[in-house]
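Listed in order, the protein sequences are those of chains V and P.
Per numbering that gives the first Met the number 0, the first sequence starts with residue 0, numbered consecutively.
Per numbering that gives the first Met the number 0, the second sequence starts with residue 0, numbered consecutively.
Bear in mind the hints are in silico, worked out from the structure with no lab data behind them.
One or more of the hints may lead you astray.
Unchecked claim - Each pair of labels, with its calculated beta carbon distance range:
1. V:59 x P:31: 41 to 49 Å
2. P:104 x V:108: 45 to 53 Å
3. P:77 x V:57: 28 to 36 Å
Note that the Cβ used here is the ideal one computed from N, Cα and C, for glycine as well.
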Amino acid sequence: MIDILSTGFIQLIPAQSVNGASGTSYYVDTQNLDWVRVVLCFGAIGAADVTSCGVTECETYNGSYTAITGSGATVTQTDDGCIVITDIDYRGKGTHKRFLKADMTAGAAATLTFAGAITAPKVTPTSTSNVGSGSLAGSAVAVKAWNQV
Amino acid sequence: MINLLTTQNFQVLEPVVVNGGTATAFYVDTLGADWVRIVLLTGAIGASNITKYIVTECETSGGSYTDITGSGATFTATDDGKIVITDVDYRSKGTRKRFLSVTVTAGATDCLVAALAMVSPKPGTPTSTSNVGAGCLGGVTKSVLAWNQV
């Protein structure tokens, strides 16, 4: 069991409109993580299918990322508002690489998208400084506020 | 302890450009849930800024939603790419209403925003795309296209 109250959240692809290109993704350093859920979300998709989407991995943060087999989906121009979820289990598997990114390449039409990673760390977050940035590298900004109501 | 592996994910607000108005958000039905985390994500924020962000609640799905005190954040035009996390605890509190949504209002320049909800737990562990993200969401026409476990 992984306690959701100990998870963090990282923006991989900030909300953006992409047209005929790939959304720029930050990366997650999965060192010391047990589990990661990458959620790739779409808003309005223009009149062109999404060329590719999924999760990529690499042993170094700035190396050449390769697609994780089975992490993608076929997203068409009629799939407005859809979500693609990929769970990556690091507990004892040893089959995945250390750094993760989200991949989203739009066809030649404006596509609204974002991607986030829900991370299960070994240390429980206690503040904005670690609920969203504890294992994130490559991001200039992170958590604006963390409210508990 | 609330098990992350039994959570469901919903788009409360699909990625959208807001300019001089309030974004149209969906709602989450929290009946049977112990806990909800709502994450607002910003992309590029225009010079006129996000003038309001807050989580709202209502006893009925189509009623008049009211702000949850302490659930929002104040933005500036330089807050591109930020996230705001709001945890709503339903365990024995009894102070929260059944339906949750969000209000995002922007000034007269483009602001890219989106919001994701994590709901845990609904009865039973999700087993497919039909319940990992669609079980308690109302007002949405599309939900989970794929759920990959790698």
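Hints, one by one, checked against the model:
1. The hint said 41 to 49 Å for the Cβ distance between residue 59 of chain V and residue 31 of chain P, and at roughly 44 Å that hint holds.
2. Separation of residue 104 of chain P from residue 108 of chain V is about 28 Å and departs from the stated range, judged on CB atoms against 45 to 53 Å.
3. For residue 77 of chain P and residue 57 of chain V, the Cβ-Cβ distance of about 30 Å falls inside the hinted range of 28 to 36 Å, so the restraint holds.
Hint 2 from the earlier list is the only one contradicted by this structure; the remaining hints agree with it.
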